[in-house]
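*Asks:* Here is how the chains run, residue by residue.
There are 2 protein chains.
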Amino acid sequence: MAQNIYDNPDFFSGYCQLPRQVQGLSGAPEWPAIRALLPSLAGKRIVDLGCGFGWASRWMREQGAASVLGIDLSENMISRAQEFTREDAITYQMADLETLELPEATFDLAYSALTFHYVRDFERLARMVHRSLVPGADFVFTIEHPIFMAATYPRWTEDEDGRKTWPVNRYSVEGERQTDWFVKGVVKYHRTIGTTLNALIQAGFEIKAVEEFAPSLDQIRENPALEEEIERPMMLLISAKR
Amino acid sequence: MAQNIYDNPDFFSGYCQLPRQVQGLSGAPEWPAIRALLPSLAGKRIVDLGCGFGWASRWMREQGAASVLGIDLSENMISRAQEFTREDAITYQMADLETLELPEATFDLAYSALTFHYVRDFERLARMVHRSLVPGADFVFTIEHPIFMAATYPRWTEDEDGRKTWPVNRYSVEGERQTDWFVKGVVKYHRTIGTTLNALIQAGFEIKAVEEFAPSLDQIRENPALEEEIERPMMLLISAKR
Numbered sequence: 001m002a003q004n005i006y007d008n009p010d011f012f013s014g015y016c017q018l019p020r021q022v023q024g025l026s027g028a029p030e031w032p033a034i035r036a037l038l039p040s041l042a043g044k045r046i047v048d049l050g051c052g053f054g055w056a057s058r059w060m061r062e063q064g065a066a067s068v069l070g071i072d073l074s075e076n077m078i079s080r081a082q083e084f085t086r087e088d089a090i091t092y093q094m095a096d097l098e099t100l101e102l103p104e105a106t107f108d109l110a111y112s113a114l115t116f117h118y119v120r121d122f123e124r125l126a127r128m129v130h131r132s133l134v135p136g137a138d139f140v141f142t143i144e145h146p147i148f149m150a151a152t153y154p155r156w157t158e159d160e161d162g163r164k165t166w167p168v169n170r171y172s173v174e175g176e177r178q179t180d181w182f183v184k185g186v187v188k189y190h191r192t193i194g195t196t197l198n199a200l201i202q203a204g205f206e207i208k209a210v211e212e213f214a215p216s217l218d219q220i221r222e223n224p225a226l227e228e229e230i231e232r233p234m235m236l237l238i239s240a241k242r
Numbered sequence: 001m002a003q004n005i006y007d008n009p010d011f012f013s014g015y016c017q018l019p020r021q022v023q024g025l026s027g028a029p030e031w032p033a034i035r036a037l038l039p040s041l042a043g044k045r046i047v048d049l050g051c052g053f054g055w056a057s058r059w060m061r062e063q064g065a066a067s068v069l070g071i072d073l074s075e076n077m078i079s080r081a082q083e084f085t086r087e088d089a090i091t092y093q094m095a096d097l098e099t100l101e102l103p104e105a106t107f108d109l110a111y112s113a114l115t116f117h118y119v120r121d122f123e124r125l126a127r128m129v130h131r132s133l134v135p136g137a138d139f140v141f142t143i144e145h146p147i148f149m150a151a152t153y154p155r156w157t158e159d160e161d162g163r164k165t166w167p168v169n170r171y172s173v174e175g176e177r178q179t180d181w182f183v184k185g186v187v188k189y190h191r192t193i194g195t196t197l198n199a200l201i202q203a204g205f206e207i208k209a210v211e212e213f214a215p216s217l218d219q220i221r222e223n224p225a226l227e228e229e230i231e232r233p234m235m236l237l238i239s240a241k242r
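Taken in sequence, the protein lines are chains A and B.
The opening residue of the first sequence carries number 1 in my numbering; numbering runs sequentially from there.
The opening residue of the second sequence carries number 1 in my numbering; numbering runs sequentially from there.
It is worth saying that the hints were derived from the structure and are not from the lab.
Worth double-checking, as some hints may not be accurate.
The list treats identical chains as interchangeable, and a pair is accepted whether it falls inside one copy or across any two copies.
List of simulated lysine-lysine pairs, DSSO-like, C-alpha gap at most 27 Å [claimed, not checked]:
hint	residue 1	residue 2
1	K241	K164
2	K164	K184
3	K184	K208
4	K184	K241
5	K241	K208
6	K208	K164
Use the sequences and the hints to build the structure in full.
*Replies:* Shown next as structure tokens:
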């Protein structure tokens with residue numbers, strides 16, 4: 001079973017303060033880039049893997065989705081999502097993505113934001129998602145970028161000119177990484193970009209787009225703290241088609 | 001026009017000493033990984049973009065290719081390639097990949113090793129290669145990995161434990177990078193992985209495999225100097241299909 005860090009009270013209270021949890025989708029600087037990857041949602045049956053508080057699930061329903069199934073490992077997240085939702089077309093389910101089995105050929109879109117780097121067996125997950133989609137369906141997701149995750153000590157350093165610089169080592173050593181984020185020992189799984197893309201292709205997906213999120217100049221003007229994101233990508237956005 | 005560093009005498013004399021130039025394909029640790037991406041070559045009409053001394057061109061003909069056209073910007077490389085080749089089915093042509101136009105629907109495989117990072121306009125190149133291939137043809141190439149190329153000072157540092165660590169900055173700032181390799185001021189063009197893959201997809205290719213070369217344990221046992229390559233990928237290998 002995946003580590004359920006979101007039900008750790010210290011983690012959860014820190015996590016709840018993040019702009020993207022307080023403000024929802026508009027608090028996530030990568031959201032415009034994700035939207036650009038999403039197909040038209042009208043009439044679509046959607047599964048949201050790692051739905052958290054359900055911000056995206058509700059937004060997708062507002063865009064005309066026929067139904068949204070939000071899945072999350074965390075009881076905290078699911079109960080908060082249910083509290084925020086007044087919509088019969090949105091349902092939430094507590095489940096572990098390591099073992100989840102969705103019904104076959106049921107969804108038109110699988111969506112996931114910043115969740116799959118908590119999943120150890122991405123190959124299994126990719127095959128399961130593929131089976132759950134109808135032919136022609138989309139699979140759009142974001143993960144922490146492997147450049148961001150690879151190193152033993154993933155934190156800013158400086159180069160000879162004082163420029164913010166991100167260390168990379170152990171890039172080809174895939175597997176568990178422990179990081180301190182609100183609490184000590186949050187477990188994530190590092191995979192190379194190649195491994196992630198090849199797992200999708202092997203599962204039967206066609207890669208449609210790969211984006212390594214960097215803020216726009218407008219975003220940096222509005223929020224100068226984002227400028228460091230041009231130095232190294234923190235997030236990988238992938239769009240694939242069954 | 002692309003910088004023609006290979007016809008700089010100081011660069012060329014240094015370059016000729018590289019194991020991969022002295023020993024040919026077996027001197028390149030990534031060669032087994034490239035071979036794994038190549039389709040059967042029997043009867044294929046192949047273009048080798050940035051053929052250098054023609055090591056791969058000749059090997060592909062030995063594997064049964066019907067014909068190989070080797071293209072290189074460097075007069076030094078092309079004349080050396082011609083000298084080494086006694087085969088009417090292999091022809092060489094001096095040309096700049098920035099402006100090259102190949103005949104349409106003529107090749108079954110386009111191959112390139114460590115060349116496209118010298119090309120400023122990869123979108124144009126990808127579209128041109130796509131037109132030159134027949135439907136179902138393969139496009140297999142290697143480039144320097146953007147993790148390797150991005151930083152202002154791309155050279156080993158150490159982390160807190162003394163582990164070899166590679167600096168990344170300016171990752172999302174695409175464009176020219178100057179590096180010192182045998183001579184000062186070798187010009188290369190940094191692109192993110194996303195940009196490279198999306199240019200291929202936009203040109204009409206389907207991505208078949210993405211490999212970020214890392215040496216095997218056997219290769220490290222034979223050549224311990226390769227061990228550092230597990231810390232950060234130096235090369236990106238891509239297989240695509242028209």
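*Asks:* As a check of your reading, is K164 near K184 (CA-CA no more than 27 Å) within one copy, between copies, both or neither?
*Replies:* Intra 25 Å, inter 25 Å, cutoff 27 Å: intra and inter.
*Asks:* Using 27 Å as the alpha carbon limit, work out where K184 and K241 are close: within a copy, between copies, both or neither.
*Replies:* neither (37 Å within a copy, 45 Å between copies)
*Asks:* Check K241 against K164 for me: Cα-Cα at most 27 Å, and say if that holds within a copy, between copies, both or neither.
*Replies:* Cα proximity of K241 and K164: none, with 36 Å in one copy and 38 Å across.
*Asks:* Using 27 Å as the alpha carbon limit, work out where K241 and K208 are close: within a copy, between copies, both or neither.
*Replies:* Answer is both: 7 Å inside a copy and 14 Å across each meet the 27 Å cutoff.
*Asks:* Between K208 and K164, at a C-alpha cutoff of 27 Å, which is it: within one copy, between copies, both, or neither?
*Replies:* This pair counts as neither: shortest intra-copy Cα distance 32 Å, inter-copy 35 Å.
*Asks:* Measure nothing new, just compare the shortest in-copy and cross-copy C-alpha distances for K184 and K208 to 27 Å and report within, between, both or neither.
*Replies:* neither (37 Å within a copy, 39 Å between copies)
This entry does not satisfy hints 1, 3, 4, 6, going by the numbered hints stated previously.
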